[in-house]
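J.: Sequence:
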Amino acid sequence: MLVRSPCIGICKLTTDETNQEFCSGCKRTVDEIIAWSTMSDNDKLKVLQRLDITPTLTKQ
1 MLVRSPCIGI CKLTTDETNQ EFCSGCKRTV DEIIAWSTMS DNDKLKVLQR
51 LDITPTLTKQ
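Here this note's numbering is used: position 24 in the sequence shown is 24, and no number is missing along the way.
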């Protein structure tokens with residue numbers, strides 16, 4: 001199985017109170033967005049859990 005990206009097509013970077021940049025659409029950090037395509041499914045699931053997003057899985 002593959003974990004699908006949480007991207008919703010509203011890509012606008014903003015900065016939080018700790019000066020960390022994240023996307024206001026999917027809520028991932030810039031580093032998470034950049035690394036998404038090379039992350040393991042387990043790491044992707046950890047990101048989604050942190051964001052409180054239910055994962056969407058696809059077949060390979």
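Since the hints were derived computationally from the structure, they do not count as laboratory data.
Among the hints, a few may not be true.
What the hints assert, rightly or not - Heads up, simulated DSS-like pairs for lysine-lysine below, C-alpha to C-alpha not over 25 Å straight-line:
hint: 1; residue 1: K59; residue 2: K12
hint: 2; residue 1: K44; residue 2: K59
hint: 3; residue 1: K27; residue 2: K44
hint: 4; residue 1: K12; residue 2: K27
hint: 5; residue 1: K59; residue 2: K46
hint: 6; residue 1: K12; residue 2: K44
hint: 7; residue 1: K27; residue 2: K46
J.: With reference to the structure, classify each hint as holding or not holding.
T.: Verification of the hints:
{"no.": "1", "hint": "K59 - K12", "result": "violated (29 Å)"}
{"no.": "2", "hint": "K44 - K59", "result": "holds (15 Å)"}
{"no.": "3", "hint": "K27 - K44", "result": "holds (13 Å)"}
{"no.": "4", "hint": "K12 - K27", "result": "holds (10 Å)"}
{"no.": "5", "hint": "K59 - K46", "result": "holds (19 Å)"}
{"no.": "6", "hint": "K12 - K44", "result": "holds (21 Å)"}
{"no.": "7", "hint": "K27 - K46", "result": "holds (13 Å)"}
Going through the hint list in order, the structure does not satisfy hint 1, though it satisfies all others.
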